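Chain by chain, the residues run as shown.
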Amino acid sequence: MKYLTFAAATFGASAALAQTPVLTVYTYDSFTSDWGPGPVIEKAFEEVCACDLNLVGMGDGAALLARLRLEGARSDADVVMGLDTSLIAAAKETGLFAETPVEAAYDLPVAWNDPVFVPYDWGYFAFVHNKDFEAPTDFRALAESDASIIIQDPRSSTPGLGLLMWVKSAYGDEASAIWEGLADNVVTVTKGWSEAYGLFLEGESDMVLSYTTSPAYHLIAEDDDSKTTASFTEGHYMQIEVLGRLAGSDTPDLAAQFMEFMVSDAAQSALPTTNWMYPAVTPDGGLPDGFDTLTTPEKALLTPAEEVPAIREEALAEWLNALSQ
Amino acid sequence: MAQRIVPIGSRAGIGAAGLTLALILAALVAVLLRAEAGSGLAPSDWAAIRFTVHQALWSAGLSVLLALPVARALARRRFVGRGALVTLLGAPFILPVIVAVFGLLTVFGRNGWMNDLLAALGLPGVSVYGFHGVVLAHVFFNLPLATRLLLQGWQTIPAERFRLAAQLRLTPWAVFQAIERPMLLQMVPGIFVLIFVICLTSFAVALTLGGGPRATTVELAIYQAFRFDFDLGRAAMLSVVQLVLAGGLALAALRFVPQISVGGGLDRVRQRWDANRAAQRLLDGAWITSAAAFLLLPLCAVVLRGLGGLALMPVSVWEAAGISIAVAGLSICVMLALALPMSGWIASRRGGGMEAIGLLGLSASPLMIGTGWFLLINPVADPFDFALAVTVIVNAMMALPFALRTMVPPMRDTIQVYGRLAATLDLRGFGFWRIVLLPRLRSQIGFAAGLTGALSMGDLGVITLFANPDRVTLPLQMYRLMGAYQMEAAAGAALLLLVLSLAVFWICDRGGRLRAEA
Chain A
1 MKYLTFAAAT FGASAALAQT PVLTVYTYDS FTSDWGPGPV IEKAFEEVCA
51 CDLNLVGMGD GAALLARLRL EGARSDADVV MGLDTSLIAA AKETGLFAET
101 PVEAAYDLPV AWNDPVFVPY DWGYFAFVHN KDFEAPTDFR ALAESDASII
151 IQDPRSSTPG LGLLMWVKSA YGDEASAIWE GLADNVVTVT KGWSEAYGLF
201 LEGESDMVLS YTTSPAYHLI AEDDDSKTTA SFTEGHYMQI EVLGRLAGSD
251 TPDLAAQFME FMVSDAAQSA LPTTNWMYPA VTPDGGLPDG FDTLTTPEKA
301 LLTPAEEVPA IREEALAEWL NALSQ
Chain B
1 MAQRIVPIGS RAGIGAAGLT LALILAALVA VLLRAEAGSG LAPSDWAAIR
51 FTVHQALWSA GLSVLLALPV ARALARRRFV GRGALVTLLG APFILPVIVA
101 VFGLLTVFGR NGWMNDLLAA LGLPGVSVYG FHGVVLAHVF FNLPLATRLL
151 LQGWQTIPAE RFRLAAQLRL TPWAVFQAIE RPMLLQMVPG IFVLIFVICL
201 TSFAVALTLG GGPRATTVEL AIYQAFRFDF DLGRAAMLSV VQLVLAGGLA
251 LAALRFVPQI SVGGGLDRVR QRWDANRAAQ RLLDGAWITS AAAFLLLPLC
301 AVVLRGLGGL ALMPVSVWEA AGISIAVAGL SICVMLALAL PMSGWIASRR
351 GGGMEAIGLL GLSASPLMIG TGWFLLINPV ADPFDFALAV TVIVNAMMAL
401 PFALRTMVPP MRDTIQVYGR LAATLDLRGF GFWRIVLLPR LRSQIGFAAG
451 LTGALSMGDL GVITLFANPD RVTLPLQMYR LMGAYQMEAA AGAALLLLVL
501 SLAVFWICDR GGRLRAEA
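These protein sequence lines are chains A and B, in that order.
When we follow my numbering, the leftmost residue of the first sequence carries the number 1, and every step to the right adds one.
When we follow my numbering, the leftmost residue of the second sequence carries the number 1, and every step to the right adds one.
Everything labelled a hint here was simulated from the structure, so no lab data went into it.
Heads up, some of the hints might be wrong.
What the hints assert, rightly or not - Coverage of chain A stretches by chain B, computed from C-beta distances (three or more under 8 Å per stretch; other residues unrestricted): (1) 30-37; (2) 119-131; (3) 201-209.
Since the model is a prediction, treat every value here as computed from it, not as a measurement.
Think of the CB as a built atom: it goes at the ideal place given N, C-alpha and C, for glycine as much as any other residue.
Turn these sequences into a full structure, and let the hints steer you where they fit.
In structure tokens:
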């Protein structure tokens, strides 16, 4: 594509093509896949922006940030989409992000007033299980039961880190005792979400750490209503996915336009059934059929972004200690 | 030992070895230069190092120990389908980890066939998670490699020796002592080290079956340091630990391996007069059958699951498959360009220590190499444009030690046996390569090329760091399918991956052994 543009500019064959601005957005792999939101978002945005939207997928949220730190100010990215609240503090520390003018009426369980990052979707972490399985109703009951669970490594995946923050925000100083109780329930700890969910579907455990929205996928895409999530009385930790624009972007206006677009109805209505998360702003048409069957936690837990790094250190040490016995 | 006459030059070999070293060290230096001072190894890093060494010792030991009777049985039995079985037995090693793990779970998992069988017999079930799960998976991966390499060792023994032993009416034990033991002494240490290093750098296996922090490997600690903490200093230090552990051990082991070469002879079918008794046949049959069951059942599971998903695969999977085939082909070319001169150089030296340079390619963390080259390329060009090039080079380097382990011993023998003859005929350099070395090493070269192609086909290392949406390899596409809940389609992609890996291996391996088996 780059070469095409170059050739066009050189020979003056098509001034219009040469002037088509390109907006480069770094995001995670599953966003850009054929079944992810990528294709829908790209088509809808290109219809309104007179630009070429270049969605670049790379690993997950953590990999995204590592990539950005590697590239530093030289990055080609104009916008980064797919970080979550656990990574915001680290992302800001890079000094690569610019403030955003976007304001929207978010339908999040928490108030949002971050000047840099814009939320585009969110979900609750939860343990997914088959309906015929009698799930415990809190972490203590889970620890005492002989229910088997598969979780992700907090050192390599965002859901794994989310679980760490979940236990920590629900139990504080008692978190390490909870983890010691959970140790014998953990069948295995996987590198990422895919491996864990795959193992669960293979029948390797009673429950797997995922999202309250996961059963919606099985229900809507596969017409399978056998999956549900356990409702925990201490509340459920949230993952809010955000996007931000880079200070070094050479098309700052286009970047801002894309961020506005991501919280507009066109983008928001596509997210529930492509990214399988709740939209940050409820679309005019409401949520798709099937989302009403999902477990809604009574309490939403979330650690403020700036407090995450310190708590993560402590929680990780407790987790390592409890699970390496 | 008589004075060796070496009919090939060493410049190309030194050049290839130097290039390999430079590619790795440049990456390491690039990471170190970007690292901030002051970060040391945490206690958890030391625990990771201990666990890594511990499981690697067990895995390598068991793999080699079990491979001995299996390879011996295969070496002295002829039966219908033996060739196909030998090729299929190579399959687990070249299987992408995630595919193999699912295959293993179908057999040994909680709902697996094994537990169904045990339950039907009224026995308690087994769990494949934790330490023994990691060792089980590693044996599954490496037993075929050890078997295959040992089998090649047996095939280097001239048939005349067994004929002579039979004429002397040596007992089976005496045959073993006189003929097989020297070959094993030459082969086993190198094979053990090779597998030890493979298990040392194991990453995905330990993560999926290990069961958590108890089973953290050094490679995971490197991954964590790069990806979550972005602590380049700690990542570099752990990479050095891994390099020193694996490279150092390789050096030490190769130094003390006795240099034994078998004499020249006519390559006839090896008839084994010492192993004709019924009990021996029965025992060999039992070893071959159990090894085949252990290795092939999980593969059957992958095939059964994948068949249903084939129809569900989108076009992008086929495109990714095309890219993976191209990457595999290029990796084979790069590997041969490095391995042939290098093994020629190593084989003409007296000591074998230089082979350790080849092992560096395996012991170096792919994540470290990838990150290092990213840092080197980034200031001057767009690393995206080099994604496939770096993947090809790293894949070739990962396969280099396998190629060297396979090619060096026969090359050493060939040089020793034909060196003088070639010298009298004034056959040197390229001519010696073309007329003597390459024809005699055909089967080894084919095997090495097949291994490289297959490993490269299933590799999911560097590409994740450089991933470019337009150039996705098949394993990465399979991961994306899983990430998008497309488990059926992912199973289909896994089957395609299995078929392609096996096909590349089979074509190269077969090509090398064509009319060369006699």
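task = If any of the earlier hints don't hold here, list their numbers in rising order.
result = 2
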